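Add chain S to chain X, keeping to what the hints say.
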Amino acid sequence: MKAFTYERVASPRAAAEAVRRNPGAKFIAGGTNLLDLMKLQIEVPTHLIDVNHVGLDTIEATPEGGLRIGALVRNTDLAADRRVRRDYAVLSRAIVAGASAQLRNRATTAGNLLQRSRCSYFYDTTKPCNKRAPGSGCSAIGGFSRNLAVIGVSDACISQHPSDMSVAMRLLDATIETVMPDGASRSIAIDGFHTLPGDTPHVETVLQPGEFITGVVLPKPLGGKHVYRKVRDRASYAFATVSVAAVITGDRARFAFGGVATRPWRVTEAETRYGDGAQAVADTALQGATPTRENAFKIPLLQRTLAAVISDIKA
Amino acid sequence: MDFNEAAGTNPIDQTRVVGHAHDRVDGPLKVSGRATYAYEFHNEAPDAAYGYMLGAGIGKGRIEALDTAAAEAAPGVLLVLTHRNAPEQGKKGKGSARAQMASAEVRNFDDPVAFVVAESFEQAREAAHMIRVRYVTEPGRFDLVAERGNAKKPEPKGSTLADTAVGDFEAGFAAAPVQLDVTYTTPDQSHAMIEPHATLAIWHCDRLTVYTSNQMPNWAQHGLASILQMEPTDVRVISRYIGGGFGSKLFVYGDIIITAMAARKLQRPVKMALTRPQIFNHTSHRPATIQRLRIGATPDGAITAIGHEVWCGNQEGGTFETAANQTRLLYAGKHRMTSHRLAVLDLPVGNAMRAPGEAVGLMALECAVDELAERLRMDPIELRVMNDTQFDPETGPERPFSSRKFVECLRTGADRFGWAKRNPKPGQMRDGHWLIGIGVAGAIRENLTMKSAARVTLDPQGQVIVESSMTDIGTGTYTVHAQIAAEMMGVPMERVIVHMGDTDMPEAAGSGGSWGANSSGSGVYAACDKLRRVLAQKAGFNADDVVFAGGKLSQGNRSVTLESLADPQGLSVEAEIDFGDLTKRYAQASFGAHFCEVGVDLATAEVRVRRLMSVAAAGRILNPKTARSQCIGGMTMGIGAALMEQCVVDTRHGYFVNHDLAEYHVPVHADIPDMDVIFLEELDDKSSPLKAKGIGELGICGVGAAVANAVYNACGVRIRDYPLTLDKILPHLPPMV
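First to last, the sequence lines map onto chains X and S.
Numbering follows the numbering used here, in which position 131 of the first sequence is assigned residue number 351; successive positions increment by one, without gaps.
Numbering follows the numbering used here, in which position 51 of the second sequence is assigned residue number 753; successive positions increment by one, without gaps.
Fair warning: there could be bad hints in the mix.
Short derived list, chain X residues pointing at chain S, Cβ under 10 Å [claimed, not checked]:
hint	residue
1	Gly362
2	Thr420
3	Tyr457
4	Phe459
5	Pro520
Taking lysine-lysine and the DSS-like style, the derived pairs with C-alpha atoms no more than 30 Å apart in a straight line are [claimed, not checked]:
hint	chain 1	residue 1	chain 2	residue 2
6	X	Lys222	S	Lys967
7	S	Lys1036	S	Lys1123
8	X	Lys259	S	Lys967
Think of the hints as simulated: they come from the structure by calculation, not from any bench.
Just so you know, these numbers come straight off a predicted model, no measurement behind them.
Here a beta-carbon is modelled for each residue, glycine too, at the ideal position from N, C-alpha and C.
Looking at chain X on its own, in the form it has when it is part of the complex (with noise of 0.2 Å):
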């Protein structure tokens, strides 16, 4: 770890203000992933921002009839919450599959959304990694790629996106509303919010340096079953293998996929074919895949792990 400064915000309007003042700051919320990064030296911020005293932890009903959840609403809350429990089950689902009790308490909704890679090359800092060092190469690809990504891969990066949380916001058409440190807003759709990694595997999201999240919005809730399955090799505490999010309504279904992809993955032309069968479902959604030959079972694992969850889902 780099010795850093650190200061503490009251309000998103005084951490535009911090950053724009330090430009090599870095948030931080929960430090769930953060610190650990930091003391690996993978990531190296001069200043740190502490947000957790901004507020922005309050789920709000919003006019449109969906919620928004401020950025430093905490995963166990989030997840806990009976309006998200009700109506957005799959998210609730999706959160506490994820991580442990202890880091779902001190992970914020934002900071989940940031989750970085948990390849182990990225890790290795003996190693070369392109999203860690830009250009230095990528270790994973010939080497241990049992847990990555088989699509929206690039030759510079196979990584998977660890997060459960995103892959629910993503089904439910999530929007992520920012402020600028010039202190402009925007809303980001989740859909644009990912980036594939490309030749930049270096940049994850569309944030603009010192951009800071202030909430995510979701939309009215869209009824039907909600199921989240994470297939993972142990029982708990485990970043998914493969894991389907589903919202079925009737004959019109929604999937978004984790662990098979660089970001959480979803392809609406999939959900097109869903009166087909689960195998129509993947082979679309995973169409032009390009596995290792350590990941490949990734596959057949989500065309099955799929066909279970509607298969459960119409019983």
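Relative to the frame of chain X, chain S by itself:
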């Protein structure tokens, strides 16, 4: 005290204290954070400087250039130790101690390159990251499968020979009407104990004291003395509490040696702890194995030939994994052979991990027996019972087992677990989306004993103080020593104070190989026996029929209180138990049987254990509560070995790449169902005066096979490549409808 003949009746047989489930005497200290671990001796060294190790970033090669200037100039930095300024070191010593940073050579990933000492931990770590190293990498041998053909016959490992043969295995196997020839593989595994390796080194003139986390303080003392070229008597090793070891802390690694060197150079106490990732590659691991099992049998199930061949790898001069060892003893059969071959690998050093040999050997053998049972259309329990032996099958009836209740373990478990409900045909039981299966495996763990000394003091208040260099690695040894002394001296446990983990105290057996409680407890027994004689004589009693009870010695109707016999400064005696040749005259082992029920998800092939029961026969159970904890801990590790644990080798770079606990999976609470442990009544008078046998490792022995056999019974998929992760099972499951 020499232990050369079977134990007769002795005070331990009273079982007023021994044999009962006592809470840990150190429990309150541990749960309240007052048990002091190696890194926490703040009062002993309030001015300690902090060290941080920089490990090599390559698998094999040498350091070509090293730039430490920025680190040396960094705030708070006191010393940057590298091979350029490390002191000259002696030759390899006890506890596998070897020189650190002695040259530019890199022996394996995370071999130390530099050690930065600073006023704070954060300063040391930041400065370590400023060091620039340029390496010349050399091609290494990192792939066991590729090196299998180059494996050679190794030197014996202790009493374990590389090769054994009785009868004519090849001919016997060829002639067998039913033959099984299968090959299993097990991966490298990491101990993954909670407390990292940590050391605080303090010099007083030319005398060194290290507070460290080590299972074998006396080995560490001698190993350190050898490397630092000192007299062992000038080295004191203190390991009062140890947050788990599982074999990882049997030996001496960089934390101990480098911290001692740095503290000497600085003339100031220095401490350091390995980081979690460093533990995986810098310290040892359980080496991967390739195991070929060949078993020949008659159609009615009598084994006529049994052969177990093992291939594994280690660094030059390293030892082999004794995975075929138990196959010499577990089942009868006329024609027998075992063989171990060792390849040179440039991966990190492999060494003992909980039940070295049996833990992975039984994962292969006990699955092979299950496969044979299916081929014979026999019940796997009946096959095992039929091939039970009450004597060493290599030597014949002249070397019987000291005690062996293997069949009783199988029968009791079958009854209690509901084995009769198992459908021998795989894939027949279902519960929702789970395919349900039941499996069994036998357990055996060699009973090891080591000489062990203790000092027992009676203080003027009538308290009994027990001292030895023994360690408690979470096993309950503090409690067992207190029980034995209380039993022997006729005082309540609250009147016994136990000190351990200090080489200034009488040399005890240390903790390893399940020998700890039985051996060191016998040392305490010997010292108490001596104290009883001294006290009896002082009181004018005949030592042989004096009764120690209620804080008094009595004979006939005369009694004397203990405290009245203690000198003002206390009355101390020291004794040692020395084990003779009873292990040669009798085959000695603990036995058990594991019963497992798993669910295999029809869609995803996820395997989850639903029930696990172990039956153990391990001589006298000194403390059923701590023994049970040992067993369920071992069973948990066995589930991990079966389903998830694997150090992944990156054969391009030569290291274990998943070197943290996010990617190296061990079971979490949700993976562990209700577990049950049943101890059979047994006394083994040839093992020790306590009539106990080893229990600490028995729990892991065979569990992996019980899980794998249950997986097979659930879904009909036999995976011979551990761990049984879902990607291996998935292709064999029926298509989804």
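Hint check, Pro520 of chain X versus chain S [nearest Cβ-Cβ separation less than 10 Å]
Since chain S brings a Cβ to about 6 Å from Pro520 of chain X, closer than 10 Å, the hint holds.
Is the shortest C-beta separation between Phe459 of chain X and chain S less than 10 Å?
8 Å, holds
Can we keep the Thr420 of chain X interface hint, with Cβ of chain S closer than 10 Å?
25 Å, violated
Can you verify the interface hint for Tyr457 of chain X: is its Cβ closer than 10 Å to any Cβ in chain S?
5 Å, holds
Hinted pair Lys222 of chain X and Lys967 of chain S, Cα distance within 30 Å:
Roughly 27 Å between the alpha carbons, so the hint for Lys222 of chain X and Lys967 of chain S holds.
Going straight from one Cα to the other, do Lys259 of chain X and Lys967 of chain S come out at no more than 30 Å?
28 Å, holds
Within 30 Å, alpha carbon to alpha carbon, are Lys1036 of chain S and Lys1123 of chain S?
34 Å, violated
Do the numbers back the hint for Gly362 of chain X, that is, is its least Cβ distance to chain S under 10 Å?
Holds, because the Cβ-Cβ distance from Gly362 of chain X to chain S comes to roughly 7 Å (cut-off 10 Å).
Of the numbered hints stated above, those contradicted by the structure are hints 2, 7, listed in ascending order.
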